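J.: The primary structure of each chain is shown beneath.
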Amino acid sequence: MAEKEFEPRIIAFVCNWCTYAGADLAGTSRLQYASNVRIVRLPCTGRIDPLFILKALERGADGVLVSGCHPGDCHYTAGNYYARRRWIVFRELLEFVGIPAERVQFSWISAAEGGKWADTINDVTAKVRALGPFQGYEAPSAKGKP
Amino acid sequence: MIEQLRSKAKELLETKAVAVVIGYGEGSVPGATRPVFIVRPEDVGKLIWNARCANNLTRYLTRKEVLRLGKPAVVVKGCDAKAAVALAQESQVPRENVILLGVVCPGLERPAGDQCRQCEVNTPPGCDFVFGEKIENQPDPAQAFLDVAEIEKLAPEERRRFWAEEFERCIRCYACRNVCPLCYCERCVADMNQPQWIETSAHERGNFAWNIVRALHLAGRCIGCGACERACPMGIPLMRLNRKLAKVVLEKFGYRSGSDPKARPAMASFKPEDPNDIFR
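Quick note, the sequences are listed as chains A and X, same order. Heads up: the first sequence at position 28 corresponds to 32 in this note's numbering, and the numbers run straight through without jumps. Heads up: the second sequence at position 246 corresponds to 1066 in this note's numbering, and the numbers run straight through without jumps.
Just so you know, these hints were derived from the structure itself, not from any lab. Fair warning: there could be bad hints in the mix.
To be verified - In silico DSS-like pairs for lysine-lysine, Cα to Cα no more than 30 angstroms straight-line: (1) LYS828/X / LYS59/A; (2) LYS1082/X / LYS828/X; (3) LYS120/A / LYS1091/X.
Claimed, not checked - Pairwise CB distance ranges, derived in the manner of DEER restraints: (4) ARG42/A / ILE955/X: 40 to 46 angstroms; (5) ALA1088/X / GLN139/A: 33 to 39 angstroms; (6) ALA134/A / ARG888/X: 29 to 35 angstroms; (7) ALA1022/X / VAL44/A: 25 to 31 angstroms; (8) TYR1004/X / ASN20/A: 29 to 35 angstroms; (9) ALA871/X / GLN139/A: 41 to 47 angstroms; (10) PHE10/A / ARG1076/X: 27 to 33 angstroms; (11) ARG888/X / SER39/A: 57 to 63 angstroms; (12) PRO1085/X / ALA105/A: 34 to 40 angstroms; (13) SER33/A / GLU985/X: 45 to 51 angstroms.
Just so we're clear, the structure is a prediction, and the values are computed from it rather than from any experiment. Idealized CB from N, CA, C, for every residue including glycine.
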C-alpha cells in the first residue's frame, strides 16, 4: 500500500482586526492557497500566549504561524509592540532547545493584504512539509526531523 | 566582618527598626548553612558568613509567613541584592520596606554553573549597609555567556537531544519555582487545570513545557542567582536556559535585570524601533 504523503498541519493564531480580515479578503478574492491551515482568531497578537503555541505543537500541529497588525497599526495601539518583544524572546528560546525556527513563524499582515496571507500560508506550509512531521518533545529519531 | 554584621543586626532589632533579621546560620551538618530568622537581639550570634552561604534569602520577602513578622532586614550577596531591585520594580516589595545588609562575596565554594565566574557585583550595590572589604571586579563582557555559547554552537538535533535528556530527568518537584525570588505568583500557571496549559505528570511533554514556560516567564527578570539550579535534585542545568534569555534580552533590548530600580522591565515595555527581522 502506498504511503500517504505527509501533509503538515499548520495552526495560525491571528489578530481579529488585521490578519483575520486579510485572510477573509483572500477568501472573497477567491485566491487559491494551501488548505493545511487552521485559523484561531484572537483580538490582538498581544493576547497570544506562548503557551498557545506550545499546546498547538503538543496536540498535533507541525507548524505554527502567528500574525497580526503591522507595528504602529495595532487596533489597541500597542498590543503588537509587546507581542513583538515576546516573540523575539520565544523564538530564540525555541531555537536554543532545538526546535527549528521554521516551525514557528511570525508575520505582520494587514486587512488589505489578502495576497500576502495566501503567499505566507503557502510558504509556511512548504517549509514545514520539507521539515517533516513534528516529533514531539522526545529526542529526534531516525524518522523525522525536530 | 561578621562581628560588624552581628552588631548592626543587634542594633536594628534593639531599636525596633526591623522586626526580623534574615541571615545565614549553621546548618544541620558540619559545613552546611541554612537560613536563620533572628527576632531577639541576643540571638545575633547565630549569624555567620562564609563561601557556603549560597541561598538567596530574598525569596522570603514575598512569603506571607515572614512578612507577618514585620519589617525585615535581609543579608544579601550582590546577586541576591538584584532580586530586591527587581521586586521593587514589579511593585512587590517597595524598597523602603526592607533593609538590605550587603556582604562582600568573592565567590561561592560551589557556584551553580557559571554563576560566580563573571560576577560584577562582588560588592553588592544598592544596599543600606555593606560589610566586608570591598572587591572591585570588572569582568570581560566578551566572556559573559560562554555557558550559553556552548549550547548555541551545537546543531539543532544535538541541542534537542541535550535538552530532551535533561528534561527527561525532571520530576516536577517545582523546587526551582519554590526557591526563585521572582516566582511569587500566588497561583502558578502550572497549577491551573481549567484549562490545563502544562501537563502535570513527569512526562517529557509536560517537562518540556514547564521548563520552557518558566524560563519565558523569567525573561528579563531572572537575576542569575543560581538558586534554581542549586535546588534541582536532578542536576538539570537550568541556569543555561535563564541565561540564554538574559543574553537575548540584553542583546535585543539593551536591558539587564536588577540593575536600575527605575527602569521598566523589558517584557513590560517596548520601543517602536525594536528589532523586526523575524517578522515577514
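J.: Against this structure, judge whether each hint is valid.
T.: Each hint, compared with the structure:
1. Simply put, LYS828/X and LYS59/A have alpha-carbon atoms about 52 angstroms apart, too far for the 30 angstroms limit, and the pair is violated.
2. The suggested pairing of LYS1082/X with LYS828/X holds, with an alpha-carbon distance near 28 angstroms, which does not exceed 30 angstroms.
3. Using a Cα cut-off of 30 angstroms, the hinted pair LYS120/A and LYS1091/X holds, with the two alpha carbons roughly 26 angstroms apart.
4. The given range of 40 to 46 angstroms is broken by ARG42/A and ILE955/X, whose C-beta atoms sit roughly 57 angstroms from each other.
5. Distance hint check for ALA1088/X and GLN139/A: the Cβ-Cβ separation is about 35 angstroms, which falls inside the suggested range of 33 to 39 angstroms.
6. Checked against the hint of 29 to 35 angstroms, the pair ALA134/A and ARG888/X fails, with Cβ atoms roughly 59 angstroms apart.
7. Range check, ALA1022/X to VAL44/A: Cβ separation about 29 angstroms, and the 25 to 31 angstroms hint holds.
8. At roughly 33 angstroms, the beta-carbon separation of TYR1004/X and ASN20/A lies within the given 29 to 35 angstroms, and the hint holds.
9. Distance hint for ALA871/X and GLN139/A: a CB-CB separation of about 44 angstroms, consistent with the stated range 41 to 47 angstroms.
10. Checked against the hint of 27 to 33 angstroms, the pair PHE10/A and ARG1076/X fails, with Cβ atoms roughly 44 angstroms apart.
11. Against the hinted window of 57 to 63 angstroms, the Cβ-Cβ separation of ARG888/X and SER39/A comes to about 60 angstroms, which satisfies the hint.
12. At roughly 25 angstroms, the beta-carbon separation of PRO1085/X and ALA105/A lies outside the given 34 to 40 angstroms, and the hint is violated.
13. At roughly 49 angstroms, the beta carbons of SER33/A and GLU985/X sit within the given window of 45 to 51 angstroms.
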